[in-house]
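Participant: Residue numbers (this note's numbering), protein chains in the order written: chain A, 4 to 586; chain B, 440 to 601.
Please note that the accuracy of each hint is not assured.
[As the list claims (entries may be wrong)] A few chain B residues that face chain A, going by a derived Cβ cut-off under 7 angstroms, partial list only:
| id | residue |
| --- | --- |
| 1 | A561 |
| 2 | L574 |
| 3 | G576 |
[What the hints assert, rightly or not] Calculated pairs, DMTMM-like style, for lysine to aspartate or glutamate (alpha carbon to alpha carbon, straight line, at most 20 angstroms):
| id | chain 1 | residue 1 | chain 2 | residue 2 |
| --- | --- | --- | --- | --- |
| 4 | A | K411 | A | D446 |
| 5 | A | K411 | A | D470 |
| 6 | A | K411 | A | D423 |
| 7 | A | K411 | A | E151 |
| 8 | A | K371 | A | E185 |
| 9 | A | K425 | A | E471 |
| 10 | A | K493 | B | E481 |
| 11 | A | K371 | A | E18 |
| 12 | A | K333 | B | D493 |
| 13 | A | K333 | B | D470 |
| 14 | A | K333 | B | E485 |
| 15 | A | K425 | A | D412 |
| 16 | A | K411 | A | E374 |
| 17 | A | K371 | A | D189 |
| 18 | A | K333 | B | E481 |
Derived by calculation from the structure, the hints in this document are not laboratory data. No residue lacks a Cβ here, since even glycine has one placed at the ideal position from N, Cα and C.
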Amino acid sequence: MKLPRYMLANYEQLEAEALSRRNADAERPWLRVGTALCGQAAGADAVVASLREALEDQGVDARVSEVGCFGLCYAEPLLDIQMPGGPRIFYGNFDPDNAAEVVRSHLAGGQPVVELALGYLAPDGAGDDFEPPAGLRDLALHPMRVWENRIALRNAGNIDPFDIYQYIATGGYRALNRALLEMTPDDALQQVNDSGLRGRGGAAFPTATKWRFLAGNPSRDKYVLCNCEEGDPGAFNDKAILESDPHTLVEGVILCGYATGARKGYIFIRHGHDGPIDRCRAAVQQAQELGLLGENILGSDFSFEIEVALTGDSYVAGEESALMEAIEGKRAMPRFRPPFPAQVGLFGRPTNINNVKTLSYVPEIMSKGGEWFASIGHERSTGTAILCLSGPLNYTGMMEVPLGINLKDVLNEAAGGIRDGKRLKLLQTGGPLGGVLGADNVDIVLDFEVLRNAGAILGSGGVIAADEDTCVVDLTRSLVAFCQYESCGKCFPCRMGMSHLLEVLERICDLKGEPEDLDLMRSTGENMQAGSLCGHGQLGFNPVSSALRYFPGEFEAHILEHQCPTGVCQRPRFSPVRSRRQG
Amino acid sequence: MDGLEQRINRAVRSQTQPTVTILSSLLAVEDELHYIPREAVERVAEFTSATVNDVWAVASFYPNFRFQPPATRQVEVCWGASCHLMGAMAVVESVLEAAGLEEEGERPDGSLSVRLNTCLGACSQAPVMSIDHHLEGRVTGESAALRVTNLLNHEAAEVHAR
Chain A
4 MKLPRYMLAN YEQLEAEALS RRNADAERPW LRVGTALCGQ AAGADAVVAS LREALEDQGV
64 DARVSEVGCF GLCYAEPLLD IQMPGGPRIF YGNFDPDNAA EVVRSHLAGG QPVVELALGY
124 LAPDGAGDDF EPPAGLRDLA LHPMRVWENR IALRNAGNID PFDIYQYIAT GGYRALNRAL
184 LEMTPDDALQ QVNDSGLRGR GGAAFPTATK WRFLAGNPSR DKYVLCNCEE GDPGAFNDKA
244 ILESDPHTLV EGVILCGYAT GARKGYIFIR HGHDGPIDRC RAAVQQAQEL GLLGENILGS
304 DFSFEIEVAL TGDSYVAGEE SALMEAIEGK RAMPRFRPPF PAQVGLFGRP TNINNVKTLS
364 YVPEIMSKGG EWFASIGHER STGTAILCLS GPLNYTGMME VPLGINLKDV LNEAAGGIRD
424 GKRLKLLQTG GPLGGVLGAD NVDIVLDFEV LRNAGAILGS GGVIAADEDT CVVDLTRSLV
484 AFCQYESCGK CFPCRMGMSH LLEVLERICD LKGEPEDLDL MRSTGENMQA GSLCGHGQLG
544 FNPVSSALRY FPGEFEAHIL EHQCPTGVCQ RPRFSPVRSR RQG
Chain B
440 MDGLEQRINR AVRSQTQPTV TILSSLLAVE DELHYIPREA VERVAEFTSA TVNDVWAVAS
500 FYPNFRFQPP ATRQVEVCWG ASCHLMGAMA VVESVLEAAG LEEEGERPDG SLSVRLNTCL
560 GACSQAPVMS IDHHLEGRVT GESAALRVTN LLNHEAAEVH AR
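Using the sequences plus the hints, can you model the full thing?
Facilitator: The structure is reproduced here in structure tokens:
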């Protein structure tokens with residue numbers, strides 16, 4: 004495709020503007036506070052308020068940005084301060100009461116408060132002559148950082164998600180410009196094909212194959228949907244990407260639209276998650292204002308728009324056909340397939356659906372090439388995994404690690420092992436429909452197939468650790484209670500099967516289980532798998548089957564000996580089973 | 440303050456996104472009123488050229504919709520798997536006890552409600568609760584109960600002052 008010269012100048016102008024803004028900003032001290040959901044839950048709002056107040060009281064000029072998630076969630080609220088040209092100094096678990104002291108000493112006096120600091124990061128482009136600040140550790144060597152290879156998260160925690168120019172200054176939208184200038188839609192699709200990228204929403208389906216289904220459909224009205232209906236307990240990376248770097252996703256959605264010939268994209272988020280919604284809406288609007296969305300993007304003949312659509316609380320709305328029902332304003336219940344979305348999708352039009360993480364890889368794949376992405380990872384699992392680590396670990400948070408690294412290393416090294424010197428009992432991965440892995444089985448590489456064969460799935464990247472005090476039956480009951488609560492009710496094997504499983508698990512937890520209960524659950528699980536339209540029912544037995552696989556003895560102790568080995572079930576407990584959907 | 444009908448009307452009509460549906464209209468009403476009154480169901484049906492039954496079907500599906508005005512203070516406790524492992528059950532119990540409730544629901548005086556949430560989205564800070572939709576992480580049974588007691592005392596003082 005031959006394009007006029009002014010188009011190139013268009014992007015270059017944006018880039019020049021972004022760089023000049025960055026240079027102007029670099030002359031002032033910069034305070035960044037993590038205000039993603041993890042930061043919010045740790046009290047980031049109070050930190051931001053206290054810093055603004057201290058700056059004003061002391062008459063100090065500085066820029067305060069609310070950034071996303073840096074990954075070190077365990078240390079939230081996380082503040083980092085960068086003096087002009089200097090390193091970033093991080094303060095973890097920051098107490099708003101210390102704001103005045105930090106502003107006085109660090110910003111006004113130029114002396115970091117070493118006893119409050121977590122560490123430092125060298126500034127971009129620091130050479131051999133960089134002198135590390137005294138008494139602080141290098142966060143590049145932090146256990147959670149050394150294993151990382153950040154692609155989708157490359158800007159997370161570094162840039163202001165509300166400022167499109169900061170994204171452009173890091174090379175943002177260059178991939179889009181390059182694709183529009185130098186690539187046909189087929190070329191762009193080929194890059195994704197070469198990358199080996201597979202869907203990160205859970206099914207790990209090859210992305211390029213999915214895109215081809217849509218690209219091959221001659222219809223003029225086609226949609227691409229981005230699924231951020233992230234309801235998995237233990238996973239927050241989709242929301243974190245939107246909160247940290249929404250433009251990466253917006254650029255990915257546009258590129259997907261270009262490669263597949265779609266004219267409109269939807270980004271689908273759960274109502275009530277205001278952080279991700281506000282940041283995503285702002286990003287879409289800014290992209291429109293700069294001509295990166297809308298008619299004739301960057302002067303090309305490609306036009307594309309994005310709408311942010313909201314759903315009510317429903318876990319099943321994350322299933323692709325239920326998601327389309329919800330965008331159409333109906334109950335989020337899955338559809339029969341065929342026809343598949345690439346033939347009859349949203350509003351009856353051909354549609355492609357991808358997860359946030361999948362699309363967030365696309366800009367880097369386009370700019371560095373599919374082969375580069377394919378060189379990272381393990382066999383057919385190319386690229387990285389974005390993991391959310393939670394549970395009683397020393398370091399909880401979000402990490403982006405190359406696929407193929409050992410899960411044991413993530414756990415023991417990166418996450419610092421289990422707190423208080425306790426032992427790991429199991430890992431729960433891939434959300435409530437995933438499975439558990441016994442502690443003796445975590446010595447495996449991160450790879451879609453390897454994890455699936457082990458009875459767990461990588462899924463959306465949630466990794467929940469449980470220590471020796473955990474009762475497997477009680478945890479399974481909690482997971483099944485979630486699945487039961489969230490069953491949409493369309494297919495009776497899922498609707499009734501989940502209730503049935505929960506009833507049996509409640510009985511076992513009450514130490515009143517019967518020996519035939521295990522077979523009863525197995526046959527219920529088989530029926531759910533055979534008779535449900537979507538993954539919710541098909542995979543709904545996973546938590547039980549994987550727990551039975553790794554901890555048969557613990558179920559037997561409950562049922563045959565009427566004993567809970569960990570004592571959890573002997574104690575009075577609250578049961579979430581009562582919390583049914585109520586009017 | 441405008442009457443209920445005006446507020447419903449304004450909420451439904453001020454939607455700026457291109458795709459306006461039953462669900463989006465109900466969400467707009469919820470943002471404005473924090474509940475879905477009967478009048479809103481009728482208005483949304485009229486606005487989207489749907490039947491009242493269609494609108495009820497959607498409204499009754501999503502558990503975030505409620506049909507009574509909300510309590511003054513809304514406490515939610517997460518019971519997702521991460522929070523469960525980090526002690527959510529103890530938090531639920533002590534929050535309910537401090538709120539004087541047997542199970543999730545609202546106090547008779549309307550001052551406070553307790554609901555359970557399947558995932559509040561800050562799993563790395565488990566266990567998590569929220570107060571009027573502001574997240575609070577790494578809570579314990581004691582700290583959560585203290586927060587609820589303080590909220591109730593605060594509300595009682597407000598009522599007294601009036």
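Participant: Each hint needs a verdict: does it hold in this structure or not?
Facilitator: The hints, checked one at a time:
1. A561: Interface hint status for B/A561: holds (4 angstroms vs cutoff 7 angstroms).
2. L574: At 4 angstroms from the nearest chain A Cβ, B/L574 passes the 7 angstroms test, so the hint holds.
3. G576: For B/G576, the interface hint holds, since the closest Cβ of chain A sits about 3 angstroms away, which is under 7 angstroms.
4. A/K411 with A/D446: 5 angstroms, holds
5. A/K411 with A/D470: 15 angstroms, holds
6. A/K411 with A/D423: With a Cα-Cα distance of about 18 angstroms, the restraint between A/K411 and A/D423 holds, given a limit of 20 angstroms.
7. A/K411 with A/E151: Holds, because 15 angstroms separates the two Cα atoms, which is no more than 20 angstroms.
8. A/K371 with A/E185: With Cα atoms ~14 angstroms apart, A/K371 and A/E185 stay inside 20 angstroms; holds.
9. A/K425 with A/E471: 7 angstroms, holds
10. A/K493 with B/E481: Answer violated: A/K493 to B/E481 is near 26 angstroms, above 20 angstroms.
11. A/K371 with A/E18: The given pair, whose Cα atoms are some 18 angstroms apart, holds under the 20 angstroms limit.
12. A/K333 with B/D493: 8 angstroms, holds
13. A/K333 with B/D470: This hinted pair holds, its Cα atoms lying about 19 angstroms apart.
14. A/K333 with B/E485: 16 angstroms, holds
15. A/K425 with A/D412: 17 angstroms, holds
16. A/K411 with A/E374: 28 angstroms, violated
17. A/K371 with A/D189: 17 angstroms, holds
18. A/K333 with B/E481: 16 angstroms, holds
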